[in-house]
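Peer 1: Chain residues, written in single-letter form:
Number of protein chains: 2
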Amino acid sequence: MAQIEVMKNILGENDRVAAENRAMFRERGIYVLNLMGSPGAGKTSLLEKTMERLKDRVRMAVIEGDLFTSKDADRIELQGVPVIQINTAGGCHLDAPMVQKVAKKLDLSALDLLIVENVGNLVCPAEFAVGEDEKAVVLSITEGDDKPMKYPLIFKESAIALLNKVDILPYCNFDMKAATEDITTLHPGMKTLPISCTTGEGLDEWCDWLLARVKAKKEA
Amino acid sequence: MAQIEVMKNILGENDRVAAENRAMFRERGIYVLNLMGSPGAGKTSLLEKTMERLKDRVRMAVIEGDLFTSKDADRIELQGVPVIQINTAGGCHLDAPMVQKVAKKLDLSALDLLIVENVGNLVCPAEFAVGEDEKAVVLSITEGDDKPMKYPLIFKESAIALLNKVDILPYCNFDMKAATEDITTLHPGMKTLPISCTTGEGLDEWCDWLLARVKAKKEA
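Quick note, the sequences are listed as chains A and B, same order. Residues in the first sequence are numbered from 814 upward in steps of one, following my numbering. Residues in the second sequence are numbered from 814 upward in steps of one, following my numbering.
Derived by calculation from the structure, the hints in this document are not laboratory data. Just to be clear, a hint being listed does not mean it is correct.
The list makes no distinction among identical chains, and a pair is therefore deemed to hold if it is satisfied within one copy or across any two copies.
What the hints assert, rightly or not - Here are the simulated DSBU-like pairs of lysine-lysine, each with C-alpha atoms no more than 30 Å apart in a straight line:
#, residue 1, residue 2
1, 990, 862
2, 963, 868
3, 963, 1028
4, 918, 963
5, 963, 917
6, 884, 990
7, 969, 1031
8, 884, 963
9, 914, 963
10, 969, 1030
Chain A with its partners taken away, still in its complex shape (with noise of 0.2 Å):
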């Protein structure tokens, strides 16, 4: 019962910071995507190449969360994109507190769009807001057609769920159909989108979508 408390004050203290987060970039018109993920699904590679099709079209930055290592913030900055590394010391989830602190570097009155890619993890991220408008998750099929049900929360709490690595489909057993339809039995109406960061299948439409939220943030 007291570890139930504990979990609840952390939660509604993250909130709180979330709340904050989310009033200081809707006031300067930036859409933020929290990116979602296991390990190795793909997340770095998606930013990479989603940056090359959009960066010279919209003002963009990154915060990359990692446990240790600055291997995936070292991988977006040679793409010329502002990037601004966390690193969680072992911690499994990025939070509001540790998203506030590091936005406060960047310039924000010159940005549109902010990226943060979570720590890789399909559980724990989930359950912290950060302060983002929609939250995204990148699921490899080479992870199989059974995560969306074992994994429900990330499917039910993210806006678009991307396929990844699609070019390497005939050599797993992942079912394409079935696994949408498990999403949107999870989550009804939400987006799927079989996307290959090597063949580049699906990218156009992602960047589309996302070019699309970034107008509407602006607009409203």
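Please arrange chain B on chain A, whose structure you already have, making use of the hints.
Peer 2: Chain B in isolation, oriented as in the chain A frame:
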């Protein structure tokens, strides 16, 4: 600060119960393995193949950890091996009290080997002992060769790292040599083994490793 104290207390209480579990298993000469890895790394497939090979040679049982479903336990049950499901109701790891509660439902006097399949997560399970003799980590090569350095604790804590899905290595950008070197840098002397549950590669060596552990425990 308060949060750190709470974490210390939770871990301290967990360690106390883990020691009780360890004593309970030691008394009966049961070797207990805590099997960990990301969602979709192939833990359940590995268990299926392990049981096919060992169920007539070793008296074994499985404890299955999942957030909500019994999908994995249902697969294990088909093998005719005793299996007990723990649903963590969203919790991101198994802990010692959960394992203690369900272990009492098994006929421990009729067991040589107990494998605990943890929740699919490369972060949190490594922090919580459940009363195991050793931990093992399954890493799918589709997750990328940068994962050992990004998720070091689980490799430091494990006695063996199984590099799974090597049958699709030609279609993935995974440097086996670099990953193996990183793992043994993190944990000198640790065993690493490339395996495939599709082709069977490495599975005999894995089963021999496991049998040697079971035998040593019986004789201890």
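Peer 1: Next, verify each hint and record whether it holds.
Peer 2: Right, here's what the structure says about each hint:
1. 990 / 862: both (26 Å within a copy, 27 Å between copies)
2. 963 / 868: between (35 Å within a copy, 27 Å between copies)
3. 963 / 1028: neither (34 Å within a copy, 35 Å between copies)
4. 918 / 963: Between copies, since 24 Å is at most 30 Å while 37 Å is not.
5. 963 / 917: Between copies only: 26 Å across, 36 Å inside.
6. 884 / 990: Result: close only across copies, 18 Å inter versus 34 Å intra.
7. 969 / 1031: within (26 Å within a copy, 47 Å between copies)
8. 884 / 963: both (29 Å within a copy, 8 Å between copies)
9. 914 / 963: between (33 Å within a copy, 22 Å between copies)
10. 969 / 1030: Within one copy, since 22 Å is at most 30 Å while 44 Å is not.
The structure shown violates just one earlier hint, number 3.
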